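For the record, the sequence lines run as chains A and B. Read left to right, the first sequence gives residues 1 to 149 (our numbering). Read left to right, the second sequence gives residues 1 to 723 (our numbering).
Don't read these hints as lab results, they were simulated from the structure. Remember, it's a predicted structure, so these values are computed and weren't measured experimentally. Treat the hints with caution; some may be incorrect.
Selected chain A positions facing chain B (in silico; Cβ < 7 Å) [what the hints assert, rightly or not]: (1) Gly41; (2) Val42; (3) Ala43; (4) Ser79; (5) Trp90; (6) Glu92; (7) Cys101.
All residues carry an ideal CB built from backbone N, CA and C; glycine is no exception.
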Amino acid sequence: MAKFSFTLNGSRTEVDVDPLTPLLWVLRDHLGLTGTKFGCGVAQCGACTVHINDEAVRSCAYPIEAVEGARVITIEGLSSSGPHPLQKAWIEHQVPQCGYCQPGFIMAAAALIRQRPKPSEADIEASITNICRCGTYARIRRAILAAAG
Amino acid sequence: MTESSTLSRRDVLDGLATSAVVVVLGRLAHTEVLAQSSASVVPINAYVAIAPDGRVTLQCAHSEMGQGIYTTFGAIIADELEADWSQCNVVFSPAASPYRHPIYNWQFTGNAESIRSYHALIRKMGAAAREMLIAAAADRLRVRPTELIARQGMVHHAASGRAIGFGEIAASAAAKPVPAEPRVKPESEWRIVGGGRSQPRRDIPAKVEGSAVFGIDIKVPGMVHAAVASAPMIGGKPASIDEASVRGMNGVIRVVPLDNAVAVVAEHYWQARLALERLKVTWQAGSGGSFDDATLDAMYRNAFARDTGWAGAEKHGDAPATLAASSRVFEAEYRSPWLSHAAMEPMNATVSVTDAGVTVWAPTQGLQMTQIVLAGALQIPPEKITIHRTYLGGGFGRRLLADFVLQAALCSRAVGRPVKLIWSREEDIKQDWFRPAFLDKVRATLGADGLPAAIHHRLVAPSILAPVSPVPIKPGTVDGLAVEGLVEHPYRIPHRRVDYHMLQVPIPTMVLRTTGHGPNNFTLESFIDELAHAAGRDPYQYRRLLLSENAAALAVLDRAAALANWGKASPGRFQGLAFAEAFGSYLCQVVELSIVDGAIKLHKITSVCDPGRVLDRVNATAMIEGGVVWGLSAALYSEITFEQAHVRANNFDRYRVVMLPDTPELVTDFLENRSALGGLGEVGPVCIPAALCNALFAATGRRHRNLPLAAARVFTVYGKNFS
C-alpha cells in the first residue's frame, strides 16, 4: 500500500492503495465514481476512458502510481456547468442503447474535439476506437459532428 | 458446468408445476406487489399505481438492456391509461406472477418478446385502470361514467367543464370492481406511442452523465468483492486449491471453491484480482475430454453420416423424391461459427445471503430463472429471494442464465457479507455459453419456371434453447429455436423439408441475439441467391416471384429495393440483398460495397422492416441500426475457436467485433402492414451476413459459405489495418 495524490475533477484527492492498482479501480472502488466502466481490462475497448492531463487514457491498464500529481477528469467531471455539448448531442441523437460503453465514448470524443474542434469524419474514424456491442456507432458519429457544429 | 445446468433445469421444471396459461383477470386484480412500495401510493392493479399528487408508477416487467423497453413498455400503459406521460415513473417489476410472459408463464427478457407478447396484456392493464378511475370520478361528480373522458392524467366532464385529477380519486378507483373486459383504445386515439411518434428514452440522460446504475455499479453497506478464475478447460474443476498461497495478502478475506472455478473474496476488487493471480490452483479436466476445432468438425460431419438422431422439423410435399427425380440438383454446405455474447458489461452480481433470506442486485434477463436457481442451490424458498434489477450493460441472451449470480451467492454465504462478484473479460468469454456452430447441407432443384421446386435442409447444431427452456429439450427431437428461419419461411416452394440433428457437444451452448434466425438466414438467403443466379434471374426479382402471394412481404422487399436504388449502384459498387421473416417481423436488407485493394469497403446498408406497428420510431430505428452492426460483426470477424478443450480467444483482440470505421451509412425504414405485432430487438442483424455475402458475390464472383469472412482472409478496408 502507498499514498498517491492527484487532482480529480478539480479536487485534490489522496488514496492509499497498492501501487499497481489500475486507476479504473481506484476511481470505481475507492472513490465511488462508477461512471467509468470496466470492459476488457487491457485497454482494448475504451469503456474506461478518462482524461489525464487532457489526454484520453484507458484507465483499466493505467497504474495509480503513474497518476501521481496528474489532473484526472472522469465523466462525472467532464463539465462543471450543466451537460457538456457532447452529452447534449448524445441525448438529442438518442445515442445510447445499453449505455454501458457510452461514458468512454464521450470521454474519447471530448478529447478529440478539444484537439480538433471541427473533426472530419476521418478524424473521428481514426480516433474513436472504442467498442460498442449494441452498435451505436452511426449515431455516435452523427452526435460528434453535431456537437462540434 | 453440466452439473449446475442439470440442477437449473430440474429446478426450473419444479417451479413450473403451476398452470401454463395465466388469466389476464388474475393479473388485473393482483395488487399486493405494488402495495409494498409506498404507503401513500395506491395500487390500481399490478402494473399501475397512483399517488395522491397524481404521480403514476408503472411497472416494467422486462429488463432494460439497451432495447428501450423501459421507456416504451411504460409508454404503452400510460397511453391506455390516458396518463400525463411526464407524470409517470417507470420501475422494474419484482419477480412475481403478474409479470410473467402471458403464454409461457415465465418471467424473462428475450426473444424480442417484450412488446409483442405483452402488448395486449398491458394495454388491458392501462385500460382497466382508466375505467376504474372514470367510475370513481363518476361517483365524485355525480354523473354517468359515459359522460366522462380521461385525458392527460385527469378525468373530464365536458358538459360541465369540471375535471378531477387521477391522484384525487385513486383510492376510490382502487376499490371499484375490476372490469371484466376493459376496452382498449382504438389506435387512432393513441397519443404517446405509435403513429410515427417517439418518446425520448428515459434512461438516456443518466447513461450519458455516468450516473446510470448497472450491476457492476451497485454498492451496498458492508459489501466486499470477489474475482473468479474458472477452469482453463471447458468442463474442468478445481482439483486442489492452496489457500496458503494468498494468506496475508492485502484485503484478502477468503478463498471460495466453486463448481467449475475458484473465487477470492477481498475488501476491494483489485485486491481479489491480485490474489487470484497468485493463488495456486490445480485443475482436473471435465468428462468431455479434450477437443479442438478439428474434432468438433468431425463430430458435425459424423452426424451427417449417421441415420440416427435426426428429427423432421418441416415436411411439405416430398422434397427428397422431387430431388431424386431431378436431373439438376444444386447442393451447398453453409457454416456459421461459434460465437460469444461478449456484452460490454462483464457478468457480475451482488448478493447478500443471510438467515432471513437472500437479496440480489443483478443485471439479469432471467429473473425467474435466477430465483429458482438460487432457491435450489441454497435450499431456501423462492419467495425469500428478492431480486433488484439494475440496468444491463448488454444482454444478448447471456444474462438469461443465473450462473454468475449463483457464484456471488455462494461467496456471500461463505463470508457472511454481501459480495459483488465480477468476471474479468477473459472469464466472461471463457465461462460463456456459446452460440454453437450451425452446419447445414442444403439441396434444391428448380422447376421449369426457374423457381425452386424442392429444397431440403439437413441441419446439424447443438441445442440453443435447452439451458433457458422451462421445459426439457431432449436429444433426437427438434429444438424449435435452432431451426427458426428454415421452417415456416414465406417463400412459395412446393416441396420443403428440414431435418435437424441435435448434436451433443462437450461445450455449453445457448441462445445469442438472432437465435437460429441468424445462421439459418445466412444459409437460406445465400442459397436462394445462388439459385437466382443459376436461373439467370435478378436476385430481387427472383424473391419477388417467391413472395408473389404475400403482399406485406412484397411491400418490404419493394421498399428496400427502392430505397437502396437496387440495380442502379454507381460503377464499381455492388449490391446484395436478403429477406427474412423473423421474430414476427419482415425484414429486407441491402448491402452496398466496393472492393478497394482487395478489401471490402462498405458504403451503405438499407433496412426495411415491418413489425406490424412501430410503437416508437426513433428507438425502433436504433434497434435496426444496432442490429446491422451486430450482424456485421458476425459476418466479418467474430468466431470462437477451441484447442485442447480451451477457448482460444480471451479478449477483444482475439474475439473481434465491428468498430466505428466499419459502420457505413445506414438507411432504415418501416412499414406497418403485418396484422400482428412483431419484435424488433433481434431482427436487425438477421439478413446482414447473407446480404453482405451476396454483395460480395456480385463484386467478385466468389461465393462465401463459411463465416466469418476474416477466417477466409476476407477483410474490410478498416479491418485489414486492425493490428
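Status of the hints after comparison with the structure:
At its closest, the beta carbon of A:Gly41 sits 5 Å from a beta carbon of chain B; the interface hint therefore holds under the 7 Å criterion. Evaluation of the A:Val42 hint against chain B yields a held restraint, the C-beta minimum of about 6 Å falling below 7 Å. Look at A:Ala43: its Cβ only gets to about 10 Å from chain B, farther than 7 Å, so that hint breaks. Contact between A:Ser79 and chain B, as hinted, is not supported at the beta carbon level, the nearest pair being about 10 Å apart and thus beyond 7 Å.
Because the smallest distance between the Cβ of A:Trp90 and any Cβ of chain B comes to about 4 Å, under 7 Å, the interface hint for this residue holds. Annotation: A:Glu92 was flagged as interfacial toward chain B, and the flag is violated, the nearest CB pair being 9 Å apart, outside 7 Å. Interface hint at A:Cys101: satisfied, since its Cβ lies 5 Å from the closest Cβ of chain B, which is below the 7 Å cut-off.
The structure fails hints 3, 4, 6 (numbered hints given earlier, in ascending order).
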